[in-house]
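A.B. asks: Sequence:
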Amino acid sequence: MRLNKLLPLAAAAALIPSLALAQDAPGFDEIGPYIMTTLLFCMAGFLVFFMAAGFAMLEGGLVRSKNVTMQMTKNIALFSIAAIMYWLVGFNTMYPGDFNGYFAIGGQTVLDPVGVAAADAALDYASVGSDFFFQLVFVAATASIVSGALAERIKLWPFLIFVVVLTGFMYPISGSWQWGGGWLSEMGFSDFAGSTVVHSVGGWAALAGAIVLGPRLGKYKDGKVNPMPGSNLALATLGTFILWLGWFGFNGGSQMAMGTVGDVSDVSRIFANTNMAAAAGAVTALILSNVMYKKPDLTMVLNGALAGLVSITAEPLAPTLFGALWIGAVGGVIVVFTVPLLDKFKIDDVVGAIPVHLFAGIWGTIAVIFYNSDASLGTQITGILAYGIFTFVASLVVWFILKAALGIRVSEEDEINGLDTSEMGMEAYPEFSKG
0 MRLNKLLPLA AAAALIPSLA LAQDAPGFDE IGPYIMTTLL FCMAGFLVFF MAAGFAMLEG
60 GLVRSKNVTM QMTKNIALFS IAAIMYWLVG FNTMYPGDFN GYFAIGGQTV LDPVGVAAAD
120 AALDYASVGS DFFFQLVFVA ATASIVSGAL AERIKLWPFL IFVVVLTGFM YPISGSWQWG
180 GGWLSEMGFS DFAGSTVVHS VGGWAALAGA IVLGPRLGKY KDGKVNPMPG SNLALATLGT
240 FILWLGWFGF NGGSQMAMGT VGDVSDVSRI FANTNMAAAA GAVTALILSN VMYKKPDLTM
300 VLNGALAGLV SITAEPLAPT LFGALWIGAV GGVIVVFTVP LLDKFKIDDV VGAIPVHLFA
360 GIWGTIAVIF YNSDASLGTQ ITGILAYGIF TFVASLVVWF ILKAALGIRV SEEDEINGLD
420 TSEMGMEAYP EFSKG
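Heads up: the sequence shown begins at 0 in numbering that gives the first Met the number 0, then just goes up one per residue.
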């Protein structure tokens, strides 16, 4: 009988320590922003990762059938190399903490401990793993830009060596200038999600490679530009839609926070503006290509949508929907006029990556001044020039070294037969290998 009376007292006493612990544990107001921002990085990272498939499908559709296997191999290899190099040195080079503002080589990325406690987590931001993964998928997108422009005549291994240098060193060093708290950030340069930091960097690297590599055989002959139609425009269209989808993560995740009502509202605003710019770029390219060539050009429309996306990437939050529309529309105009401009200089860009990512990226970075009162034209141009000079010169050096040491271009015979057979030994479309 006495024991029965004591049991409730013992149970109550046992609860006292746990109640005290519960009172000491952080509430959702403290841990909520950390949880939600980590979730944003994970979800946005998934979407940007899927852009790797978009690049692969776009490039696979715009190259000739005899080169499709090569493009698929390059795309899965470059993403994998980027993942390893960004872990090995890239992430902590781009976000080095205290440094001179220009240059710092970091070490390996170390994740949070398994089951990290709230007391040991960076509750003012997000988990290391989510941040690392989100930043990683951006660098892979930069390398994909180079892949498409140099298709159909570059050797596999020299290209992949260039990817090692680009993703492990070049991109992280220049990225630290803006997103790592470096000198451009201190100056007031503004690039919300990477019109310059990501897209123009990929475009400059591609331009340097295209110049060193030279055009495809027969592309420019007797003063004429000879079209070389892609193998599968349905695949290219699918790739464009995948990239469009992934861009919601690209721009939306760059809000870098989802812990307040204002943050979540801003993410949705970014989604709407991103979509509007893409739509405006596509419609503008559709109309302009019809006016210029008497019939609409699907490849121009696809690249018009992508140029609209690149154009809004530097400032997807501040503009109104009308602002996003006209910024994206200018991107569509840029593509339609600069694709033939490159041909006049005999710079062969197979998929239109340089007009889309470099030229539209420059435009998008300048367009920031129209809706961001803290941005100035002089500072924006300074950033554009800094990234352009550094990336173009460094890329030229690497390409010339690779050309001298290994050779970067396949033989004429291999190019005629196709890189699928000469470089890969297998064909994507064996029934139509001579397409």
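Mixed in with the good hints, there may be bad ones.
[Unchecked claim] Taking lysine-lysine and the DSS-like style, the derived pairs with C-alpha atoms no more than 25 Å apart in a straight line are: (1) K293 to K343; (2) K218 to K294; (3) K402 to K293; (4) K218 to K293; (5) K223 to K293; (6) K402 to K294; (7) K343 to K218; (8) K402 to K218; (9) K294 to K343; (10) K343 to K220; (11) K218 to K345; (12) K345 to K220; (13) K402 to K345.
In short, the hints are calculated from the structure, not lab data. Since we're looking at a predicted model, the values are computed, not measured.
A.B. asks: CA of K218 to CA of K294, is that 25 Å or under?
C.D. replies: At roughly 22 Å apart (the allowed maximum being 25 Å), K294 and K218 satisfy the hint.
A.B. asks: Just to be careful, I want the Cα atoms of K402 and K294 compared with a cutoff of 25 Å; is the pair within it?
C.D. replies: violated (41 Å)
A.B. asks: K345 and K220: Cα distance at most 25 Å?
C.D. replies: holds (10 Å)
A.B. asks: Tell me if the straight-line CA distance from K343 to K218 falls inside 25 Å.
C.D. replies: holds (12 Å)
A.B. asks: Quick one, are K402 and K293 close enough, alpha carbons at most 25 Å?
C.D. replies: violated (41 Å)
A.B. asks: Starting from K343, check that the Cα of K220 is at most 25 Å away, please.
C.D. replies: Distance of about 12 Å is within 25 Å: holds.
A.B. asks: Given the hinted pair K218 and K345, is their Cα-Cα distance within 25 Å?
C.D. replies: With a Cα-Cα distance of about 9 Å, the restraint between K218 and K345 holds, given a limit of 25 Å.
A.B. asks: Is the straight-line distance between the alpha-carbon of K223 and that of K293 25 Å or less?
C.D. replies: holds (19 Å)
A.B. asks: Below or equal to 25 Å on CA atoms is what counts here, so check K293 against K343.
C.D. replies: holds (21 Å)
A.B. asks: Holds or violated: K218 with K293, Cα cutoff 25 Å?
C.D. replies: holds (23 Å)
A.B. asks: Is K402 within 25 Å of K218, Cα to Cα?
C.D. replies: holds (21 Å)
A.B. asks: With a cut-off of 25 Å on the C-alpha distance, tell me whether K402 and K345 pass.
C.D. replies: holds (20 Å)
Taken one by one, the earlier hints fail for this structure at numbers 3, 6, listed in ascending order.
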